[in-house]
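Protein chains in written order, with my numbering: chain A, 888 to 1060; chain B, 68 to 242.
Don't read these hints as lab results, they were simulated from the structure.
Any given hint could be a false lead.
What the simulated footprint calls covered on chain A by chain B, stretch by stretch (three residues with Cβ under 8 Å from a Cβ of chain B suffice, anywhere in the stretch; the number is not a length) [said to hold, decoys possible]:
#1 946-952
#2 979-986
#3 992-1003
Output of the computed footprint for chain A on chain B, the stretches with three or more beta carbons under 8 Å from beta carbons of chain A [said to hold, decoys possible]:
#4 121-135
#5 203-213
Just so you know, these numbers come straight off a predicted model, no measurement behind them.
Glycine included, every Cβ here is placed at the ideal spot set by N, Cα and C.
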Amino acid sequence: MSELLKAGETAPDFTLPSHVGENAGDTEDKVMLSDLRGKNVILVFYPADWSAVCGDQLSLYNELLPTFEKQNAVLLGISVDGQFCHGAFRENRGYRMTLLSDFEPKGEVAKKYGVYRNGDGFSERALFVIDKNGVIRWSYVSPIGINPGAKEILQTLKEIQISENAEGEKANA
Amino acid sequence: MPEENLLSVPVGENDYSAGSKDATVTLVEYGDYECPHCGRAYSIIKKVQETMGDKLRFVFRNFPLTQVHPNALHAAEAAEIAGKHSKYWEMHDVLFENQDALDDESLKTYAEQIELDAEKFAEELENDIFEEKVRADFMGGVESGVNGTPTFFINGARFDQSWDYESLLEALENA
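Construct the complete structure from the given sequences, taking the supplied hints into account.
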């Protein structure tokens, strides 16, 4: 496996289909990371739809979406599941976040971020917080069966806000 | 590895606690009345409380996953309302014993069962007078590393091991 990208590195750009496509091959439902510049992005790589821990982890994030929004942050879930699988999973669980399919070539984005498990064919349970300029501010790989929660995500978003406020003051001085 | 997960909000006056204030060990649970795992934990904790008696203080804090459990927020508020009228644990118990029926109408029935003023209860539930407190519990939990329910803290430190009766009792007795 390539190495986990760390704080300070530029987040590799990607374009992936989301859960919203209605027909196979729809192109209008793609999400491009660089389109989200100006917002903080929380990337949540998880092994698979429907597995218990992912479910709990995403339920927690789903609950926190309004909090993330207040911190100018968008959350994207990424797994190697296909987009129709994502669609069904999302509807079944009542999730409101965007889920992206790292499906073809399989795991390509996970590989770019250094979080693909070659032998298993799915990604690590990994988190990245990317700032509005596309720079990774925090990354973490959780033991695969353990829900990492949201404590560090919120801490990182707070730190980003504090540094932005400081920059703002400097600019105004 | 992330740092050790400690309670960001210490047990205090805003908490409802069962058992002696001078207990040697304090168990805090972050739970959701609509979560089946919490339902299982409920009977285990009852048993632990019986065994440990005065040695244990138990605190319950709200961690409702309202998007997946549509009745969890109001159920949590119902317990808080009951608490305001000195019947917190009575409501807590009824809720966990009736997890499959936590809609507003059922909540009102439980309020009557535990002899709360039904009209007042309905009004306080309608006005969500404890919604903010419940949400504050939730955020305090997230900041303490709560990642799902139930999550336990023993004397302020997150307990990540199995919480079946024997394991939980052993951890509490050795704390």
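Next on the checklist: For the stretch 203-213 of chain B, count the residues whose Cβ lies under 8 Å from any Cβ of chain A; is that count three or more?
Outcome noted: Since 7 is at least three, the answer is holds.
Next on the checklist: Between the stretch 992-1003 of chain A and chain B, are there enough contacts, at least three residues with CB-CB distance under 8 Å, for the coverage claim to hold?
Outcome noted: violated (count 0)
Item to check | 8 Å C-beta test of the stretch 121-135 of chain B against chain A, three or more residues | outcome: Holds: 4 residues of the stretch 121-135 of chain B have a Cβ under 8 Å from chain A.
Item to check | Whether chain B covers the stretch 979-986 of chain A (at least 3 residues having a Cβ closer than 8 Å to its Cβ atoms) | outcome: holds (count 4)
Checklist entry - In terms of beta carbon proximity below 8 Å, does the stretch 946-952 of chain A have 3 or more residues touching chain B? => result holds (count 5)
In terms of the numbered hints stated before, the structure departs from hint 3 and from no other.
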